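Number of protein chains: 4
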Amino acid sequence: MTELAAVKSALRTQAVETPSWAYGNSGTRFKVFAQAGVPRDPWEKLADAAKVHEFTGVAPTVALHIPWDKVEDYGKLAKHAEEHGVKLGAINSNTFQDDDYKLGSICHPDAAVRRKAIGHLLECVDIMDATGSTDLKLWFADGTNYPGQDDIRERQDRLAEGLAEVYQRLGEGQRMLLEYKFFEPAFYATDVPDWGTAYAHCLKLGEKAQVVVDTGHHAPGTNIEFIVATLLREGKLGGFDFNSRFYADDDLMVGAADPFQLFRIMYEVVRGGGFGPDVAFMLDQCHNIEAKIPAIIRSVMNVQEATAKALLVDRSALDAAQRAGDVLEANAVIMDAYNTDVRPLLASLREDMDLDPDPIAAYRRSGWAQKIAEERVGGQQAGWGA
Amino acid sequence: MTELAAVKSALRTQAVETPSWAYGNSGTRFKVFAQAGVPRDPWEKLADAAKVHEFTGVAPTVALHIPWDKVEDYGKLAKHAEEHGVKLGAINSNTFQDDDYKLGSICHPDAAVRRKAIGHLLECVDIMDATGSTDLKLWFADGTNYPGQDDIRERQDRLAEGLAEVYQRLGEGQRMLLEYKFFEPAFYATDVPDWGTAYAHCLKLGEKAQVVVDTGHHAPGTNIEFIVATLLREGKLGGFDFNSRFYADDDLMVGAADPFQLFRIMYEVVRGGGFGPDVAFMLDQCHNIEAKIPAIIRSVMNVQEATAKALLVDRSALDAAQRAGDVLEANAVIMDAYNTDVRPLLASLREDMDLDPDPIAAYRRSGWAQKIAEERVGGQQAGWGA
Amino acid sequence: MTELAAVKSALRTQAVETPSWAYGNSGTRFKVFAQAGVPRDPWEKLADAAKVHEFTGVAPTVALHIPWDKVEDYGKLAKHAEEHGVKLGAINSNTFQDDDYKLGSICHPDAAVRRKAIGHLLECVDIMDATGSTDLKLWFADGTNYPGQDDIRERQDRLAEGLAEVYQRLGEGQRMLLEYKFFEPAFYATDVPDWGTAYAHCLKLGEKAQVVVDTGHHAPGTNIEFIVATLLREGKLGGFDFNSRFYADDDLMVGAADPFQLFRIMYEVVRGGGFGPDVAFMLDQCHNIEAKIPAIIRSVMNVQEATAKALLVDRSALDAAQRAGDVLEANAVIMDAYNTDVRPLLASLREDMDLDPDPIAAYRRSGWAQKIAEERVGGQQAGWGA
Amino acid sequence: MTELAAVKSALRTQAVETPSWAYGNSGTRFKVFAQAGVPRDPWEKLADAAKVHEFTGVAPTVALHIPWDKVEDYGKLAKHAEEHGVKLGAINSNTFQDDDYKLGSICHPDAAVRRKAIGHLLECVDIMDATGSTDLKLWFADGTNYPGQDDIRERQDRLAEGLAEVYQRLGEGQRMLLEYKFFEPAFYATDVPDWGTAYAHCLKLGEKAQVVVDTGHHAPGTNIEFIVATLLREGKLGGFDFNSRFYADDDLMVGAADPFQLFRIMYEVVRGGGFGPDVAFMLDQCHNIEAKIPAIIRSVMNVQEATAKALLVDRSALDAAQRAGDVLEANAVIMDAYNTDVRPLLASLREDMDLDPDPIAAYRRSGWAQKIAEERVGGQQAGWGA
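Protein chains in written order, with the UniProt record's numbering: chain A, 1 to 386; chain B, 1 to 386; chain C, 1 to 386; chain D, 1 to 386.
Among the hints, a few may not be true.
Because identical chains share one entry, a pair is satisfied inside a single copy or across any pair of copies.
Unchecked claim - Within a straight-line C-alpha distance of at most 20 Å, the following computed PhoX-like cross-link-like pairs (lysine-lysine) qualify:
no.	residue 1	residue 2
1	8	87
2	70	371
3	31	208
4	31	116
5	31	70
6	204	236
7	204	31
8	236	208
9	31	76
10	102	371
Please keep in mind that the hints were generated in silico from the structure rather than gathered at the bench. Fair warning: this is a prediction, and the values are worked out from it, not measured in the lab.
Next comes chain A alone, as it looks inside the complex:
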């Protein structure tokens, strides 16, 4: 197999999970702009997600968010998904939208609130059992807004205790992915603010606990690919929540703000042996002002392009330059791959996969956008609150 064939072969195995909530409305604290055709329920979200997979060929699973995607019969939902050509993916918990959670969830000073939050997490594992999902993705909005508001250390104790209980509940083949976030909605101290904290907890929990890297959840200037390389080296990288940002957790389309960073991240994934089924590649974005389905198609393509470039790095030339201490040449090897226009390669891959070489154009031609705008009238559009 030629090198290019090997790259194409690898790209063919790529799987990017799209999040059900990205198909619904989202916004900022200032305004949520509703869009025509937005799904009203999980069934419609899955139909949209299926379109993304139909045109890209590499988005076979859909993450659910509980309770936003709560249904009576998850087996039926899973079947619905499969009928549309996709599968259900990670289960995402939500412990930030009930009034009880004003001061936190599993870190809350009140044991009753913690109990409620843990109950929700356990329920999420029940749902995993029902859907066959293997990943429980945990993001906690927990934190404090003011110095002194609560005891930082005790909150860690509560966190550890809550996580341990949920960890015990995990069945075979199930794992817990713990996400960290620099800030927001907590504005003074977030309870899982960085990869170190997530890592320390996962280490104590055991093998089934791993860290999720959301690319928008870091302090300004943080070298994210270093974290990726380190977590892979530690065997603790569970997956990604991809998106991009210029400022804070902007949740823009992945690759939109700093495509070179995305490439560097994917290079460390490839180099560190993370390009495979053990690491979950998920999107977690907010399409506040742009059309949602094509934005997600574009995002999937951006991940593909970055991956293709990462796979094209001439590893032996790079290794030689690195060992020789040739700073400029080693950097040039990396840049050569990055500067390559991989769009023809990906177009060719799509043709091999019996897909349209231009997924965006194909989606536009499909009439889906018009169809859902016309049909999905009335009812309550999905959003973060429902």
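Knowing the structure of chain A, use the given hints to seat chains B, C and D on it.
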């Protein structure tokens, strides 16, 4: 008059404007936690604001936000305020919550949307005429989320054109305060992102246009007191929107995150001749998880304490050390004032003003919180959306 | 002329000025690593700079730094440059390396130090007269490390006074380029910390005073292309000091850290009419660990590549998408140009210019690196201190 | 014992270690400004450090930096220290100033350079044996400036291997303190960039390996007290390098930039049981423009003041407010302690300790500054290079 008497005398003249919207509910994109007793309309907001003035003695005016505080008869509203012991202050425009504003307001690519936005701004001046407000405070959420989304420069042209039309409408004794903001809700390019942009526009508009410094609207690490000193030197500082932040535009209580910074800002205000009626000292905060009225009382007190410390700086000792190039001594003079506990001084000032020396305790004792929690049942609580 | 021919034609006119000091040793406060073959004097620096132009064809001028490049006879230096195929460019002043400047130069509290600094600046204009340079580039390290250390506002007064005196001295065809910098070496308040401050001073000085944008001199997250667009709109963009950074003022090779940002900047330059002789495109980098000449060649090529992509943007398609409010399509137009591999185009341009299509390879083959390493033995290598 | 007596008693036990290098010259990459009276050798540095202890009573030990403080007979140096009333403290290694270290030290691609670096670290343990120091403080400047320059992950392997060898060499009662740093002098990827990386290595090494928190080594906005609380909870906080910063690693006097942050850090230390001999409280600052000895005295006093305020927090009132979820009250308890002017308390403590209540004034009166300026003439002043 002794020095301390002069400080007290100056503090007695201080006026901090509180914003009507801070009495309503607010939150993050993740959740708005409702609080008991929150006002349902501008009348109730003014009643709450009057409590802040009643207990602090230095919060005599209340800023309105249009359309959130729209009423049929502004004369009646002004009278209502006065009956409660306060006055109406600045009029704040809102060009970010209509669906039309998804891609901007006065910078929008579509002239019809720009026309609508300008119409709203002109209406705000009408309201100023009716209320006797002198300040039109303009904050634009305008910007773009993605490179290429719109033409950065043309948006400046549209901004200049729109501002000019509104500026022309200002009557005698009225002015326009232009606010800048680093980012949010726009995540790529904000149309008025920094003081330089606001300054450049105000300069061209004329004397009635001045810059507002919101203390939470800067890039990480920005030296805000430098901007304050510079704008005062240029005669272009119109006022402040006070709040504090650890990360982005967190909108925490002013003085809560970095009280030393607040002191440095107030020192430059005092030193630059800005402590007087020409500079508006306004709060602009979100009390997402804390009780609103006592949080605003605390914020007013924090501004007072920072001001007191700024007034206590031994200016002649400072000047001598600065001229001598004595870095440590000059810094020590500043720190000496900052490290002083001014709470006894302010307690004494309040007693001079026939106020309780402890405004928070007095408010708690007053029973107002219980009263409004009991009485304000039913209806729609005020929030950013209404 | 086809579109591609027009792009090539424009690229052919491009001129990137390289800085004499980038050929000498540089480092961090921790260590300056010396490199073999580094020039010992301005004559050797110019010989190196000539190599960069020889292989790239677009680096025809060299900026000098006084006193580092002080010589007895500038006419002779200019002639030496021309004999090597390059010309002398901007004159850069230095008011930060004498012991007198510990607390500042033209903002220093002591009038005698200010006088000395102004004297140096006037001397730089004398040198411009002698070399025929048109640009006086001013960067002031002035600032304070501690709150209270000096009076922020008075320092602005001193700055204005000093600049005015130097401005008066400028002859016909000469201009003053004022640089701003977020921080370093001052760690509390820098006297020209942002574009707004530089702009405000330049505005008062007059038409010959313009702002220089150093791409590494901003707060984290700052949208630099916005500043570029704004300064061009105001007619106040004098030029660039190109370099790149991941953190602070890292002074890495331009385009190395965020090539997409460089592209966006160049797009605003092209779109705003700044691609021409009125805006100076200069490098200002530190090659602490990499070989200097090839690093500068690479940097020049990176600017070329970003410019080529900026020129390739389909302006009419972009305009149509922007006017239609099609966020995704407008962004796609920009990304299409960015994702294009322009290296073949530039290779072809070089062949048209009778240059080797691969400047780095050609330089390596030339033997210059070996030659200077062998010949430049003994003496004092050039660095920031000499 | 009354509460105040308990606070004074605790403060009396406080020990702040001052660094030998802070008595020498330092600066930025732009300039090192020499100061009169600066020590020429370790013996003179210790004499200066003894003055800091003489006037503050809480700076009994002095950290050494190898090779800057290399002497033939460390026993003699230790005796010299004791004769002056101080003791030798932590040994700090230096693997960043030899030409060999251009691309790293124990992470260098070349095994020979790694061997040299490890050799130096082992030599430092030898010196610890000779001086009786218990702490080996390791800060590595290692990292890369450009993407691709070296293999991020392999560098971690090399780091782990090198640390393990040094760890094995530690004797009884000796420990290894591993410092992390966000960036500088490496500008792309630093090999120990954050607490998580340092923690992960220390965990594998064993009980004698602990993390050092340098307060200036974090990304913008990082909540340092959270890290302190977390490391204490994990039993992995070895000590502090205190200093302060407005921007990057500015190395200003501790408490000068954000005294409230220093207080919050000291509160977590006290609350987490870290106020005792197991955590080393060290300064690591650069007095680039201010007089060194009084700056260090001021810094020690700033740590004392922050500690005093932290000790004054009404823990039971805080606990009650936290458990009640009273955000404002809990914050008020913390702020009440912070706003207290503790200078009278510390003056009284000093009198109890037979010290002058005003250490700065006492130092100024002592004539030491004049004496060393007169006597220390000739020779090579100490600085980072020697």
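Alpha-carbon proximity between residue 102 and residue 371, which holds within one copy, between copies, both or neither at 20 Å: Neither way: residue 102 and residue 371 sit 40 Å apart in one copy and 23 Å across, limit 20 Å.
Evaluate residue 31 and residue 116 at a C-alpha cut-off of 20 Å and name the case that applies: within, between, both or neither. Classified as between; 18 Å across copies, 30 Å inside a copy.
Within, between, both or neither, where residue 204 and residue 236 count as close if Cα-Cα is 20 Å or less: Both: 12 Å inside a copy, 15 Å across copies.
Within a copy, between copies, both or neither: where do residue 204 and residue 31 come within 20 Å Cα-Cα? Classified as neither; 41 Å inside a copy, 31 Å across copies.
My question is about residue 8 and residue 87: at a cut-off of 20 Å on alpha-carbon distance, are they close within one copy, between copies, both, or neither? Neither: 24 Å inside a chain and 50 Å across chains, both beyond 20 Å.
Can you give me the call for residue 31 and residue 208, within, between, both or neither, at a CA distance of at most 20 Å? Neither, since 39 Å and 31 Å both go past 20 Å.
How would you classify residue 31 and residue 76 at a CA-CA limit of 20 Å: within, between, both, or neither? neither (34 Å within a copy, 30 Å between copies)
One pair to classify: residue 70 and residue 371, alpha carbons no more than 20 Å apart. Within, between, both, or neither? neither (25 Å within a copy, 39 Å between copies)
Between residue 31 and residue 70, at a C-alpha cutoff of 20 Å, which is it: within one copy, between copies, both, or neither? For residue 31 and residue 70, only the inter-copy Cα distance (19 Å) is at most 20 Å; the intra-copy one is 25 Å.
Could you place residue 236 and residue 208 in one of the four classes (within, between, both, neither) given a Cα distance threshold of 20 Å? within (9 Å within a copy, 24 Å between copies)
Comparing the model with each numbered hint stated earlier shows that hints 1, 2, 3, 7, 9, 10 do not hold.
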